[in-house]
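Peer 1: Given next are the chains, with one letter for each unit.
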Amino acid sequence: MAKLESKIPTGPLADKWSTYKSEALKLVNPANKRKYEVIVVGAGLAGASAAATLAELGYKVKCFVFHDTPRRAHSIAAQGGINAAKNYQNDGDSVHRLYYDTIKGGDYRSREANVHRLAEVSVNIIDQCVAQGVPFAREYGGLLANRSFGGAQVSRTFYARGQTGQQLLLGAYSALMKEAGRGAVEVHPFEEMSDLVVIEGQAKGIITRNLVSGEIRRWSADAVILATGGYGNVFNLSTYARGSNATAAWRAYKRGACFANPCFTQIHPTCIPVSGDYQSKLTLMSESLRNDGRIWVPKNAADCDKPASQIPEEARDYYLERIYPSFGNLAPRDVSSRAAMRMCDEGRGVGPGKRGVYLDFADAIQRLTEDGVRERYGNLFDIYHEITNENAYKQPMRIYPAVHYTMGGLWVDYNLMSNVPGLFVLGEANFSDHGANRLGASALMQGLADGYFVIPYTIGNYLATQKPGSRPKTDATEFAQAEQNVRDINDRLLGANGKEPVSHFHKRLGLIMWENCGMARTKESLQKAIKLIPELRAEYWQNVRVPGSGATLNQSLENASRVADYMELSELMCRDALAREESCGGHFREEYQYPDGECKRDDANFGHVAAWEYQGDGKDPLRNVEPLNYEFTQMSVRSYK
Amino acid sequence: MVAESSEKNINVTLRVWRQAGPNQPGKFVEYQAKNCNPNMSFLEMLDVVNDSLVTQGEEPIAFAHDCREGICGTCNLVIDGKPHGPHKAIATCQTYMRSFADGAVITVEPFRAKPFPVIKDLITDRSAFDKIQQAGGFISVRTGAGADANATPISKDNADLAMDAAQCIGCGACVAACKNASAMLFVAAKVSQFSLLPQGQPERDRRVLAMVAKMDELGFGSCTNQYECSAACPKLISHDFIARMNRDYIKATIRQTFKPKSNAVAGGA
Numbered sequence: 001m002a003k004l005e006s007k008i009p010t011g012p013l014a015d016k017w018s019t020y021k022s023e024a025l026k027l028v029n030p031a032n033k034r035k036y037e038v039i040v041v042g043a044g045l046a047g048a049s050a051a052a053t054l055a056e057l058g059y060k061v062k063c064f065v066f067h068d069t070p071r072r073a074h075s076i077a078a079q080g081g082i083n084a085a086k087n088y089q090n091d092g093d094s095v096h097r098l099y100y101d102t103i104k105g106g107d108y109r110s111r112e113a114n115v116h117r118l119a120e121v122s123v124n125i126i127d128q129c130v131a132q133g134v135p136f137a138r139e140y141g142g143l144l145a146n147r148s149f150g151g152a153q154v155s156r157t158f159y160a161r162g163q164t165g166q167q168l169l170l171g172a173y174s175a176l177m178k179e180a181g182r183g184a185v186e187v188h189p190f191e192e193m194s195d196l197v198v199i200e201g202q203a204k205g206i207i208t209r210n211l212v213s214g215e216i217r218r219w220s221a222d223a224v225i226l227a228t229g230g231y232g233n234v235f236n237l238s239t240y241a242r243g244s245n246a247t248a249a250w251r252a253y254k255r256g257a258c259f260a261n262p263c264f265t266q267i268h269p270t271c272i273p274v275s276g277d278y279q280s281k282l283t284l285m286s287e288s289l290r291n292d293g294r295i296w297v298p299k300n301a302a303d304c305d306k307p308a309s310q311i312p313e314e315a316r317d318y319y320l321e322r323i324y325p326s327f328g329n330l331a332p333r334d335v336s337s338r339a340a341m342r343m344c345d346e347g348r349g350v351g352p353g354k355r356g357v358y359l360d361f362a363d364a365i366q367r368l369t370e371d372g373v374r375e376r377y378g379n380l381f382d383i384y385h386e387i388t389n390e391n392a393y394k395q396p397m398r399i400y401p402a403v404h405y406t407m408g409g410l411w412v413d414y415n416l417m418s419n420v421p422g423l424f425v426l427g428e429a430n431f432s433d434h435g436a437n438r439l440g441a442s443a444l445m446q447g448l449a450d451g452y453f454v455i456p457y458t459i460g461n462y463l464a465t466q467k468p469g470s471r472p473k474t475d476a477t478e479f480a481q482a483e484q485n486v487r488d489i490n491d492r493l494l495g496a497n498g499k500e501p502v503s504h505f506h507k508r509l510g511l512i513m514w515e516n517c518g519m520a521r522t523k524e525s526l527q528k529a530i531k532l533i534p535e536l537r538a539e540y541w542q543n544v545r546v547p548g549s550g551a552t553l554n555q556s557l558e559n560a561s562r563v564a565d566y567m568e569l570s571e572l573m574c575r576d577a578l579a580r581e582e583s584c585g586g587h588f589r590e591e592y593q594y595p596d597g598e599c600k601r602d603d604a605n606f607g608h609v610a611a612w613e614y615q616g617d618g619k620d621p622l623r624n625v626e627p628l629n630y631e632f633t634q635m636s637v638r639s640y641k
Numbered sequence: 001m002v003a004e005s006s007e008k009n010i011n012v013t014l015r016v017w018r019q020a021g022p023n024q025p026g027k028f029v030e031y032q033a034k035n036c037n038p039n040m041s042f043l044e045m046l047d048v049v050n051d052s053l054v055t056q057g058e059e060p061i062a063f064a065h066d067c068r069e070g071i072c073g074t075c076n077l078v079i080d081g082k083p084h085g086p087h088k089a090i091a092t093c094q095t096y097m098r099s100f101a102d103g104a105v106i107t108v109e110p111f112r113a114k115p116f117p118v119i120k121d122l123i124t125d126r127s128a129f130d131k132i133q134q135a136g137g138f139i140s141v142r143t144g145a146g147a148d149a150n151a152t153p154i155s156k157d158n159a160d161l162a163m164d165a166a167q168c169i170g171c172g173a174c175v176a177a178c179k180n181a182s183a184m185l186f187v188a189a190k191v192s193q194f195s196l197l198p199q200g201q202p203e204r205d206r207r208v209l210a211m212v213a214k215m216d217e218l219g220f221g222s223c224t225n226q227y228e229c230s231a232a233c234p235k236l237i238s239h240d241f242i243a244r245m246n247r248d249y250i251k252a253t254i255r256q257t258f259k260p261k262s263n264a265v266a267g268g269a
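Protein chains in written order, with my numbering: chain A, 1 to 641; chain B, 1 to 269.
This list has only true hints and no planted wrong ones.
Cut-off 30 Å, straight-line C-alpha distance, at most; resulting in silico cross-link-like pairs (DSS-like, lysine-lysine):
| # | chain 1 | residue 1 | chain 2 | residue 2 |
| --- | --- | --- | --- | --- |
| 1 | A | Lys62 | B | Lys131 |
| 2 | A | Lys254 | A | Lys60 |
| 3 | A | Lys35 | A | Lys467 |
| 4 | A | Lys60 | B | Lys131 |
| 5 | B | Lys131 | A | Lys35 |
| 6 | A | Lys600 | A | Lys528 |
| 7 | A | Lys507 | B | Lys8 |
| 8 | A | Lys7 | A | Lys26 |
| 9 | A | Lys354 | B | Lys34 |
| 10 | A | Lys600 | A | Lys354 |
| 11 | A | Lys354 | A | Lys507 |
| 12 | A | Lys531 | A | Lys600 |
| 13 | A | Lys3 | A | Lys33 |
| 14 | A | Lys641 | A | Lys600 |
| 15 | B | Lys131 | B | Lys88 |
| 16 | A | Lys394 | B | Lys8 |
| 17 | A | Lys394 | B | Lys88 |
| 18 | A | Lys354 | A | Lys394 |
| 19 | A | Lys35 | A | Lys7 |
| 20 | A | Lys528 | A | Lys499 |
| 21 | A | Lys306 | B | Lys8 |
| 22 | B | Lys27 | A | Lys499 |
| 23 | A | Lys619 | A | Lys254 |
| 24 | A | Lys33 | B | Lys131 |
| 25 | A | Lys354 | B | Lys8 |
| 26 | A | Lys62 | B | Lys114 |
| 27 | A | Lys499 | B | Lys34 |
| 28 | B | Lys34 | A | Lys507 |
| 29 | A | Lys254 | A | Lys62 |
So the derived label-pair ranges between C-beta atoms look like this:
| # | chain 1 | residue 1 | chain 2 | residue 2 | range |
| --- | --- | --- | --- | --- | --- |
| 30 | A | Gly353 | B | Asp80 | 31 to 41 Å |
| 31 | A | Thr477 | B | Lys259 | 52 to 62 Å |
| 32 | A | Asp345 | B | Asp102 | 33 to 43 Å |
| 33 | A | Lys21 | B | Lys259 | 35 to 45 Å |
| 34 | A | Arg182 | B | Lys259 | 18 to 28 Å |
| 35 | A | Arg182 | B | Val265 | 14 to 24 Å |
| 36 | B | Ala104 | A | Leu536 | 34 to 44 Å |
| 37 | A | Ala302 | B | Ser127 | 53 to 63 Å |
| 38 | B | Asp80 | A | Val625 | 56 to 66 Å |
For the record, the hints were derived by calculation from the structure and aren't laboratory data. Glycine included, C-beta positions come from ideal geometry on N, C-alpha and C.
The task is simple: from the sequences and hints, build the whole structure.
Peer 2: Below, the structure written as structure tokens:
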């Protein structure tokens, strides 16, 4: 049984982090820092900011990405913005309020201390990014502009048009390039992590496959940081980049790192609906659109086939404004997504297949003019036009929820260290800050908080316990064994010589997950998925076809290896969803709801983190529990009405 | 920007560049893409062609892609001679089959430029861009050293212009479109973003000199003011930034030559 010590410092909530930093955390002296080598896997917001900052501090850093350059990570696609408790708007914001909104938004399934720390460092992030030259939106007076986002009643979101993620990532990337240029970071592009090396219970290296040469390589280090993003591509169709994958995290799980709350997935309410079975991905329309757009469906199912312009005002149901008057169109993501699903289930959906709702800008255009709307959201309207060939200035957008983010991830303590000492997990890849639902504009905040302002302090606390220069050589047996494991997986995939391409299986898996472990789950649907997935997995290993060789660039092999991991992770997600007999945030069990369809939590029995521990192939994983002790905030019924 | 919607599925013939590896000969190979839904993206069409190749036991066409929403800069196809295809202001992944006529013959190639060698089929190595960034594409600020974000007001006009430049997705279409394989638009966008902001001033001269020198060293050509780069840019980054960079470069060169320099050396107690 894994030891799950959250290591949350004692003392008042608002003082925990500052006291911990100044009194409890061990330091590494500058002359010793250069003797430690740290591996960072991934270069999204969390990975790039961590790699750059650790290098600035004097550690030797190696950064691995499967992309051709670190600037491609999918953080780049985040549109809307980043939250920070700056209170530049003088509208009542504070660190405490950001903390409270975030923990409430997460439906009281995150740790108080982690979330408070996140809110505290949020202000430093904005300072850092501005200093790096990130061109945030500004007012005419030259000061920073803000907008509001779901789940908040203040305007605390900083943004750079609809490309905030891009600008923040390029800021972190520029810091990484600065350090790479002076030789403090070695960047390894096209190098995908395929296994974790654990020696005497501690993470001491990784195995990679070079995606260009096919070479399998060993790398040793004093500590390993995974910043490898989320696992939403389990669903096949999602807003994730096609290359985003769970392999690094999953293989670390199989080396002993616990996987926490895997069933907590976020379904984003405003995405462009599916158009055909050839579809490779879904595209998000930023939540910021809900600042000015109004969501509706026809009151009568009979009107659904009419063009929107022929449905008069009184025949429209602005259901979010009706059901959630105080938050209206800015209700949190999980709440909005389920409301859209309910409308479509009632037969009031619009567009092809009737799986869509309207997001209407007619009022906003009247208020702000078409140019005013274009200035705020022009690029999003362009994206919508490219994909659907429809002009959203003239007719409402059609949107539908899609998989967008995963709150679950590898379990970490307050130091962001997993239960495998020496293995740290940052950003979306860990589980720690968003509970059961992430609020908009919080992912960018968390990624950068972890990388710029948390790991630089906490990693020293671990490294100080490791003798400088004691990292193992790569000829250790554990390295050889891990390398062989990677070779075996790849050889098996290349040798299966079946009939169907990888995509065939990925689509089928995605459908099983969407139908049975998607926006609404039941005991029956989850049991069904837990039966279907192993069957599909067995078929996969028998009947997948991966042409070519492993000794060259082979995209089929890359995909096959990632999908092999989804075939296992998906089952764990269903097991977790089945075991969590309550509804909370993004995890909605139909059996547990209030009469109005809202989530019914069970704090007494499930006010905890479920951290799953691998027990070996073919054996049921072990469900460990970390109780969530709420000392400062009361777990209450989350209401946005 | 986008062709009128057509409901009918179409058939097209692809002439695709296949090349087994770097420094190996390549050639065009023909494939049929049948019954394509006009709302399918060009890359989704390639996915379908690839799946049928795999089913037949052939190696699929290697092509670079990731976000498939025009922001990561990974996709880089030359379609019928145009980097990122027939339409303006979009990346390859935002090209849809409705842009092609039924029966069309479509030529698909990788970006062609000496500093971007082909790795396999349609995938090229664009790591030269990272090297240019390392030469000076940053503001040297240690984490935690920034002042309060509102301490330095920046005029909205300058912030907006900096954002126009900062939108570059690093795809390399500007280089592929240029007959000289110049990276001037790419470099100018980064240089201009920082030179428009107060934060970028202390390193303004050394940045432009170092990035231009690195660009030249890596074998990118010179700019001869044809502006094919900005026409091919998926983010429509303006060639005006090249003029801005040239001004910066000249001023920096003069200052470099004539500005008095301190004799002090680092060190001390």
